[in-house]
Structures are given as C-alpha cells and as structure tokens.
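Student: Here is how the chains run, residue by residue.
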Amino acid sequence: MVNSILEIINLDSPVFRGYVFYSSVLVLKTMIMAPLTGRQRFRNKAFANPEDAEPRKLKPKIDENVERVRRAHLNDLENIPIFFVAGFGYMLTNPAVGTALMLFRVFTIARFVHTLVYAVVVVPQPSRALAWATGYFITGFMAVKTLMHFL
Amino acid sequence: MVNSILEIINLDSPVFRGYVFYSSVLVLKTMIMAPLTGRQRFRNKAFANPEDAEPRKLKPKIDENVERVRRAHLNDLENIPIFFVAGFGYMLTNPAVGTALMLFRVFTIARFVHTLVYAVVVVPQPSRALAWATGYFITGFMAVKTLMHFL
Amino acid sequence: MVNSILEIINLDSPVFRGYVFYSSVLVLKTMIMAPLTGRQRFRNKAFANPEDAEPRKLKPKIDENVERVRRAHLNDLENIPIFFVAGFGYMLTNPAVGTALMLFRVFTIARFVHTLVYAVVVVPQPSRALAWATGYFITGFMAVKTLMHFL
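Chains as they are written, first to last, in our numbering: chain D, 7 to 157; chain W, 7 to 157; chain S, 7 to 157.
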C-alpha cells in the first residue's frame, strides 16, 4: 500500500520518468503536424488566408491533401491531451512498472503510426482504424482504472 | 496557511481525489464523441476519406448530422483541457473542500448536458448556451482565482 | 543536484509559481476566443446551427470572418495544451529561474500577439508566422530538453 504521493511522483520513479519522457515525445509528435500541413499548403498552393495567398498571387483555397493532414492533426488534439490526463491519474493508482511503461510506449507508437498511415503515406484501412483504436483503448483503460481507484 | 504543497496534493485530500476522479470522468466523456461521430458517419454514409468511403462504394461527403457531432467534439477540446489546467491551479489556492468539489462536479455535469442537447437530442436554445456558459464561467473563475493567488 | 521533486514543485519556487501563473493566463487567453467568435457570428449573422439561426430568421451559413477567428482558436488548441505539458516536464529538468520564467512569459506574449494579428486586426505576414514560430520553438525547446533529461 502506498502511503504518500511521493512514493509515486518522484524523480527516481521509473513510471513517473516514463510518463514525462513519453509525454515529451508526444508533444514533439503533435508539433510535427504543423510542418506537415505547411508542406501540403506550399505543394498544393492552398492557403487558408488572403494574407498568405495574395503575396503569392493566389486565392485562398481548400485542398484535400491539406485537409487530410489537418484531420490527422485534429485527431491528435482529440486523443493526446486526454492521454496526458488519463496517464497522470493512472500513475496514481500505483500500477505495475512494466504495465505502465508498456501502455505509455504502445500509445506513443500507435499515434505515430496513425499519422504515418493517415497523412504521410495513405495506407488502406483498417491500418488507421487499428492505430487509432490502440491509443483510444489505452486511454480508456487508464481512465476507467483511475475512476474506480478514486471513486 | 498552507506551508507545503503536500498538504494540498496528497492521496488522502478530498479535493485532489475529486480532481483526479472528475478529470477521468471528463476524459471518458470526451472519448464518447468518437463513437457518436462514427454512428452518424455510418448512419448517413458520410465519410471524410476516400479510403473509408470507397470500400463501401461511396464518395467522401459532408453531412450536417456528422458536422454537428464534430462541432460538439471540438467544443469539448476548446473547454475541457483548459479546465484540467485551471482546476489544477485552483486546487493550489487551497479552496474550501465543498466549493472545489461542487465546481468540479457542476463543470462535469454541464459538459455532459452540453453534448446531450447539442449532439444527441437537439434541444432548442438556450439549453446549449446555458450548459456551455456554466462550464465556461467555472473555468474562468478558477483561472482568475489562481492568477490572483500566484501573482 | 536536485534530490527531491519537492525542491522543484513547491509553493515557494519561483519557477513553479510562474508556471502556474502563466498557465492561468493562457487558459484565460484561450477563453477569449469564444466571445471573439460570437462577436463575428452576430456581426455577420453567420450561425452554424439551425437552432441558432432560425430564431433570428436566418439560415446557417459560413462566413470568412467567423472562420478566421475559429482558425485562430484552433491554433491555440494546437499549441497551448502541449505547452502546458512541455512546460511541466521542462520544470523537472531544474532550469535556471530566469530562463524558465522568460520562456513562459515570451510564450504567453507570443500567443496573445498571434491572436491579435490573426483574428482581431489582420496584420500582413510575417507577423502571424513570427508569433506562431516563437511559441512553437519555445515548446519544442522545452520538450527536447525534457526528453534528453528523462531518457
């Protein structure tokens, strides 16, 4: 039985260190979406704002290749911030080190795969669905475990 | 007067436990938006990507029922992550237990109501506006209280 | 060398206090986007939902002034939640007080400037690009520093 939060949240705890490490990786992974979107905007000459389009003698337009990357980015916003919160709560349930680290790692890999098959190289389904579901169920598992622990 | 952060952030504190509990509920609440969107996509045969539409002999299309759920989801993304941050800061101002728990609880209920009247059963205004405003002002109150405390 | 997380995360630490303070400011900054969007919706009579448009004898419509504010809001959602996470991890690397506070402050100012030149008064590029890049590289710097520290 854990008596103090400091037995869980401390700078030597492998679970806490893993949480901070994978969170940083996921921050950087989300950041990649911005240059990926920019690349498609320039490649397809598709800018959203007149102040971006007009200096290039273009009109703002919508392009499906840009929208695809934007949907992948939005999917990150739908899934990654809630992972940070669910993962933090889950840590406080004092999970087994190996389980916790594996969940953080698999979630992180699944989100990279999601972007890869959605917005970099379009791979037929169910590749994107599986990558998405892997992250989704990990977040859900952690949130349910936290909820029951702190009920 | 609180001398140590451990008097606020610890595994026996009702405010901290409530924060972690309601945060997990809000994670799961946000997650519900994905199957709600999926349900509308299948019901209205409205898929965003060719790789989703073509195996069903459809073309990608936009459907208002799908867009409605997507707007509700986006509204969660606009309001729930900032609640996590505002709620965490607010805890550190050492609020009264009853007040803090009530704010967490009312925020959580308001967000469920928001989705219910926006994206499940469309209820005339001002139901959605009131549900949204309840959450908005709770987050604002907590952020302003934190800001003044840590000035 | 820091032995305990409490030497970093405590109610007297200037870095931690700054982190909580600027996080609250950023929560309130993000919240401003909602009334800014509402103002454009009323001014341009452009509502997204029939239940909002019909009582005013209007049909739902898309307006470029509304969309501009919505893009600025989405840009906040893309950049601010990951800053919260990157900033938290960065604090745990025990940065110099002055550096950490300056990064939090500059990030916060950059996000205000971004909204100002994007969605309040449209200023020609590269003003928006520079404001965005300032926040982006601060988040990236903090995430990379955290990642290397917790490797």
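Think of the hints as simulated: they come from the structure by calculation, not from any bench. Take these hints with a grain of salt, some might be off.
Which copy is meant is left open, because identical chains are indistinguishable; a pair holds if it fits in one copy or across any two.
Said to hold, decoys possible - Each computed EDC-like pair below joins lysine to aspartate or glutamate, with the alpha-carbon atoms no more than 20 angstroms apart:
1) LYS51 / ASP18
2) LYS67 / GLU13
3) LYS151 / ASP18
4) LYS51 / GLU70
5) LYS151 / GLU13
6) LYS151 / GLU57
7) LYS65 / ASP18
8) LYS35 / GLU73
9) LYS67 / GLU57
10) LYS35 / GLU57
11) LYS35 / GLU60
12) LYS151 / GLU70
13) LYS35 / GLU13
Remember, predicted model here, so these are calculated numbers, not experimental data.
Student: Against this structure, judge whether each hint is valid.
Tutor: Hints and how they fare:
1. With identical chains, the CA atoms of LYS51 and ASP18 are never at most 20 angstroms apart, being 50 angstroms at best within one copy and 51 angstroms at best between copies.
2. Taking CA atoms no more than 20 angstroms apart as the test, LYS67 paired with GLU13 passes in neither setting, with 54 angstroms inside one copy and 52 angstroms between copies.
3. Taking identical chains as interchangeable, the C-alpha atoms of LYS151 and ASP18 lie at most 20 angstroms apart only when they sit on different chains, with a minimum of 18 angstroms there against 24 angstroms within one chain.
4. Both within a single protomer and between protomers do LYS51 and GLU70 lie at most 20 angstroms apart by alpha-carbon distance, with minima of 12 angstroms and 19 angstroms respectively.
5. Taking identical chains as interchangeable, the C-alpha atoms of LYS151 and GLU13 lie at most 20 angstroms apart only when both belong to the same chain, with a minimum of 19 angstroms there against 25 angstroms between chains.
6. For a Cα distance limit of 20 angstroms, the shortest separation of LYS151 from GLU57 qualifies neither inside one copy, at 48 angstroms, nor across copies, at 35 angstroms.
7. For a Cα distance limit of 20 angstroms, the shortest separation of LYS65 from ASP18 qualifies neither inside one copy, at 55 angstroms, nor across copies, at 53 angstroms.
8. Within a single copy, LYS35 and GLU73 get their C-alpha atoms as close as 18 angstroms, which meets the 20 angstroms cut-off; across copies the closest is 26 angstroms, which misses it.
9. Within a single copy, LYS67 and GLU57 get their C-alpha atoms as close as 13 angstroms, which meets the 20 angstroms cut-off; across copies the closest is 23 angstroms, which misses it.
10. Taking identical chains as interchangeable, the C-alpha atoms of LYS35 and GLU57 are never at most 20 angstroms apart, the minima being 28 angstroms within one chain and 24 angstroms between chains.
11. Taking the shortest Cα distances, LYS35 and GLU60 never come within 20 angstroms of each other, neither inside one copy (31 angstroms) nor across copies (29 angstroms).
12. Taking CA atoms no more than 20 angstroms apart as the test, LYS151 paired with GLU70 passes in neither setting, with 39 angstroms inside one copy and 36 angstroms between copies.
13. Taking the closest pair of Cα atoms, LYS35 and GLU13 never come within 20 angstroms of each other, the shortest separation being 30 angstroms inside a single copy and 30 angstroms across copies.
This entry does not satisfy hints 1, 2, 6, 7, 10, 11, 12, 13, going by the numbered hints stated previously.
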